[in-house]
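**Student:** Spelled out from the first residue to the last, the chains are:
There are 2 protein chains.
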Amino acid sequence: MNEILQNYSKKVDERLNKLFDLKGIPELLRNAMSYSVFAGGKRLRPALNLMANRMAGGIQEETLDIACALEMIHTYSLIHDDLPAMDNDAMRRGKPTNHVVFGEGHAILAGDALLNFAYETMLQNALKHSKNMQNHVKAIKIIADAAGPKGMIAGQSCDIEFEGKQQSKDELEYVHNHKTGAMITASLLSGIIICSPSHEQIGAVIAYGERIGLVFQIVDDILDEAGEASKMGKSTRKDQQAEKLTYPKLYGLEESYKLAERLTGESVAALSIFGDKAHELVALASFLLVRNH
Amino acid sequence: MNEILQNYSKKVDERLNKLFDLKGIPELLRNAMSYSVFAGGKRLRPALNLMANRMAGGIQEETLDIACALEMIHTYSLIHDDLPAMDNDAMRRGKPTNHVVFGEGHAILAGDALLNFAYETMLQNALKHSKNMQNHVKAIKIIADAAGPKGMIAGQSCDIEFEGKQQSKDELEYVHNHKTGAMITASLLSGIIICSPSHEQIGAVIAYGERIGLVFQIVDDILDEAGEASKMGKSTRKDQQAEKLTYPKLYGLEESYKLAERLTGESVAALSIFGDKAHELVALASFLLVRNH
Numbered sequence: 281m282n283e284i285l286q287n288y289s290k291k292v293d294e295r296l297n298k299l300f301d302l303k304g305i306p307e308l309l310r311n312a313m314s315y316s317v318f319a320g321g322k323r324l325r326p327a328l329n330l331m332a333n334r335m336a337g338g339i340q341e342e343t344l345d346i347a348c349a350l351e352m353i354h355t356y357s358l359i360h361d362d363l364p365a366m367d368n369d370a371m372r373r374g375k376p377t378n379h380v381v382f383g384e385g386h387a388i389l390a391g392d393a394l395l396n397f398a399y400e401t402m403l404q405n406a407l408k409h410s411k412n413m414q415n416h417v418k419a420i421k422i423i424a425d426a427a428g429p430k431g432m433i434a435g436q437s438c439d440i441e442f443e444g445k446q447q448s449k450d451e452l453e454y455v456h457n458h459k460t461g462a463m464i465t466a467s468l469l470s471g472i473i474i475c476s477p478s479h480e481q482i483g484a485v486i487a488y489g490e491r492i493g494l495v496f497q498i499v500d501d502i503l504d505e506a507g508e509a510s511k512m513g514k515s516t517r518k519d520q521q522a523e524k525l526t527y528p529k530l531y532g533l534e535e536s537y538k539l540a541e542r543l544t545g546e547s548v549a550a551l552s553i554f555g556d557k558a559h560e561l562v563a564l565a566s567f568l569l570v571r572n573h
Numbered sequence: 281m282n283e284i285l286q287n288y289s290k291k292v293d294e295r296l297n298k299l300f301d302l303k304g305i306p307e308l309l310r311n312a313m314s315y316s317v318f319a320g321g322k323r324l325r326p327a328l329n330l331m332a333n334r335m336a337g338g339i340q341e342e343t344l345d346i347a348c349a350l351e352m353i354h355t356y357s358l359i360h361d362d363l364p365a366m367d368n369d370a371m372r373r374g375k376p377t378n379h380v381v382f383g384e385g386h387a388i389l390a391g392d393a394l395l396n397f398a399y400e401t402m403l404q405n406a407l408k409h410s411k412n413m414q415n416h417v418k419a420i421k422i423i424a425d426a427a428g429p430k431g432m433i434a435g436q437s438c439d440i441e442f443e444g445k446q447q448s449k450d451e452l453e454y455v456h457n458h459k460t461g462a463m464i465t466a467s468l469l470s471g472i473i474i475c476s477p478s479h480e481q482i483g484a485v486i487a488y489g490e491r492i493g494l495v496f497q498i499v500d501d502i503l504d505e506a507g508e509a510s511k512m513g514k515s516t517r518k519d520q521q522a523e524k525l526t527y528p529k530l531y532g533l534e535e536s537y538k539l540a541e542r543l544t545g546e547s548v549a550a551l552s553i554f555g556d557k558a559h560e561l562v563a564l565a566s567f568l569l570v571r572n573h
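These protein sequence lines map, in sequence, to chains H and A. Per our numbering, the very first residue in the first sequence carries number 281; after that it's consecutive. Per our numbering, the very first residue in the second sequence carries number 281; after that it's consecutive.
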């Protein structure tokens with residue numbers, strides 16, 4: 281799986297490099313944007329998009345810019361999340377966070393610019409594929425809904441609101457489903473929507489996405505509880521220090537892992553209607569379960 | 281003119297009220313978004329969009345959501361601009377700024393959410409008018425380019441960079457053209473592009489937009505220099521205190537006003553190819569020149 285992911289990651293990085301060869305924008309702004317986009321992310325969301333697109337019989341070239349835009353939106357959310365007024369993180373992926381390097385003002389602007397540039401990129405791509413325009417607009421709309429105040433930002437808002445307060449299981453799940461899950465599902469959906477999928481195919485991909493989104497978060501919590509700071513590239517046990525509710529706190533380490541296993545099984549089962557074509561996403565689900573960083 | 285503007289403003293407010301009747305988003309986030317959107321803005325950008333659309337023979341209903349999205353993008357930029365890490369403003373339009381009321385974290389998120397919701401709104405509108413989809417995608421792309429790192433955010437970036445430094449005339453114009461001008465021109469262009477305009481019509485609207493954008497800024501500088509805090513609803517002479525270059529500093533009050541007059545004349549002349557249909561935008565240009573708040 282690692283090799284497949286690296287191939288996708290390479291393709292995405294090549295395209296991102298071209299997209300960020302930006303002329304006519306202030307150097308400091310461009311540097312602040314590029315710094316975080318090229319800070320060693322796993323390119324998971326782009327890979328989900330491209331894998332789902334391939335599974336549905338799509339042409340990869342048509343969705344590559346959408347894949348890159350997903351990474352821009354992910355990166356913007358990390359930059360803003362790390363700000364002193366939010367999570368106040370000084371390190372991310374083993375490097376100083378954006379505001380530590382460029383100052384808070386430019387970190388805010390770099391995030392704004394990345395969110396906006398994601399839409400510029402997807403809209404330009406839609407105009408390039410005007411024969412399939414309707415599906416492209418649907419794909420961008422799916423991503424916008426997931427990134428916006430009904431999706432990812434709802435999760436971030438509650439995350440701040442719940443800080444330092446007792447959280448319930450429902451609240452924990454609300455935050456994760458919105459903060460992480462929504463964009464994971466949207467990454468997959470936007471990849472297949474380009475191919476005019478059936479209702480059953482859409483339903484299967486949503487079922488898969490919702491489950492691996494949760495697995496991703498549970499495993500993150502487990503690694504945070506059990507892992508070493510050096511492997512994660514960010515401060516671990518931070519969530520615990522901040523008295524944040526986590527899956528290991530709620531169910532214990534062992535039961536949390538069992539839950540992740542069960543969800544992984546369900547996610548794989550959901551893709552059965554795609555047959556062999558689902559092999560990459562099937563392998564990815566297992567990979568997300570057993571990852572150690 | 282005031283009455284015409286109020287009619288547009290009323291139409292836009294009615295639609296914004298419907299769009300912000302949002303279900304299923306956290307209350308605090310919704311309140312933070314609504315607070316600044318309904319804080320008494322003049323709705324200038326939406327009016328420009330709707331007036332340009334009418335001038336080009338468009339159906340107002342088709343571009344009303346785009347007009348509302350322009351106001352969301354404008355509002356997000358003000359919220360982020362007012363943050364302590366940026367301009368650090370505590371008052372705006374006679375009210376406490378967003379971060380003063382909701383805290384910095386939620387002010388950042390409310391801005392992010394408004395930018396994102398603007399795209400959600402425009403994309404939904406494009407799907408509703410699928411027969412004219414190509415033009416709608418073009419309109420959204422024009423707005424995205426103007427709002428992004430090549431447009432408004434470039435202006436904000438330089439604005440921060442130049443703070444406390446000696447500025448040249450070119451730098452002053454760069455900031456204004458990008459920070460304010462780009463979105464003013466995009467408001468107009470996105471209004472006519474829906475109607476498949478000719479190259480000449482596009483050129484005329486750009487010429488008009490660039491000029492009234494500058495007039496808007498020059499008059500802002502003049503009012504800031506000469507005006508009273510009570511009329512402006514924000515601290516005046518603030519730019520001067522921060523040693524920011526302004527048009528009155530560069531040319532003196534009288535010459536600045538003459539420049540604004542000349543640009544207004546040119547802007548009106550540019551619209552001659554639209555004949556009588558340009559009457560609203562012609563009146564607006566004069567109104568922007570003589571406004572006193």
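Just so you know, the hints here were simulated from the structure itself, not pulled from any lab data. Bear in mind that the values here come from a model prediction, so they are computed numbers and not experimental data. Mixed in with the good hints, there may be bad ones.
Since the list gives no way to pick out one identical chain from another, each pair is judged satisfied if it fits inside one copy or across any two copies.
Only pairs whose alpha carbons sit at most 20 Å apart, straight line, appear in this in silico EDC-like list of lysine to aspartate or glutamate [claimed, not checked]:
hint, residue 1, residue 2
1, 303, 425
2, 445, 534
3, 291, 301
4, 290, 450
5, 291, 342
6, 529, 500
7, 303, 342
8, 445, 367
9, 303, 451
10, 298, 384
11, 298, 425
12, 445, 384
13, 303, 453
14, 421, 443
15, 322, 546
16, 408, 453
17, 303, 450
18, 291, 453
19, 411, 505
20, 421, 342
21, 538, 301
22, 524, 367
23, 538, 560
24, 291, 523
25, 418, 342
26, 322, 441
**Student:** Each of the hints needs a verdict: does it hold here or not?
**Tutor:** We went through each hint and held it up to the structure:
1. 303 <-> 425: between (30 Å within a copy, 13 Å between copies)
2. 445 <-> 534: neither (25 Å within a copy, 59 Å between copies)
3. 291 <-> 301: Only inside one copy: residue 291 and residue 301 sit 16 Å apart there, 42 Å across copies, limit 20 Å.
4. 290 <-> 450: Answer is neither: 38 Å inside a copy and 41 Å across each miss the 20 Å cutoff.
5. 291 <-> 342: within (13 Å within a copy, 39 Å between copies)
6. 529 <-> 500: within (13 Å within a copy, 56 Å between copies)
7. 303 <-> 342: neither (24 Å within a copy, 34 Å between copies)
8. 445 <-> 367: For residue 445 and residue 367, the Cα distance is within 20 Å only inside one copy (15 Å; across copies 32 Å).
9. 303 <-> 451: Close across copies (18 Å), not inside one copy (44 Å); limit 20 Å.
10. 298 <-> 384: For residue 298 and residue 384, the Cα distance exceeds 20 Å both inside one copy (27 Å) and across copies (34 Å).
11. 298 <-> 425: between (27 Å within a copy, 17 Å between copies)
12. 445 <-> 384: This pair counts as between: shortest inter-copy Cα distance 19 Å, intra-copy 27 Å.
13. 303 <-> 453: Answer is between; shortest inter-copy Cα gap is 19 Å, intra-copy 42 Å.
14. 421 <-> 443: neither (31 Å within a copy, 38 Å between copies)
15. 322 <-> 546: Cα proximity of residue 322 and residue 546: none, with 24 Å in one copy and 53 Å across.
16. 408 <-> 453: Neither, since 39 Å and 33 Å both go past 20 Å.
17. 303 <-> 450: For residue 303 and residue 450, only the inter-copy Cα distance (18 Å) is at most 20 Å; the intra-copy one is 47 Å.
18. 291 <-> 453: Close neither inside one copy (33 Å) nor across copies (40 Å); limit 20 Å.
19. 411 <-> 505: For residue 411 and residue 505, the Cα distance exceeds 20 Å both inside one copy (49 Å) and across copies (53 Å).
20. 421 <-> 342: both (16 Å within a copy, 18 Å between copies)
21. 538 <-> 301: Classified as neither; 45 Å inside a copy, 41 Å across copies.
22. 524 <-> 367: Classified as within; 12 Å inside a copy, 33 Å across copies.
23. 538 <-> 560: neither (23 Å within a copy, 67 Å between copies)
24. 291 <-> 523: neither (40 Å within a copy, 47 Å between copies)
25. 418 <-> 342: Both, since 14 Å and 18 Å are each at most 20 Å.
26. 322 <-> 441: Result: close neither inside a copy nor across copies, 29 Å intra and 32 Å inter.
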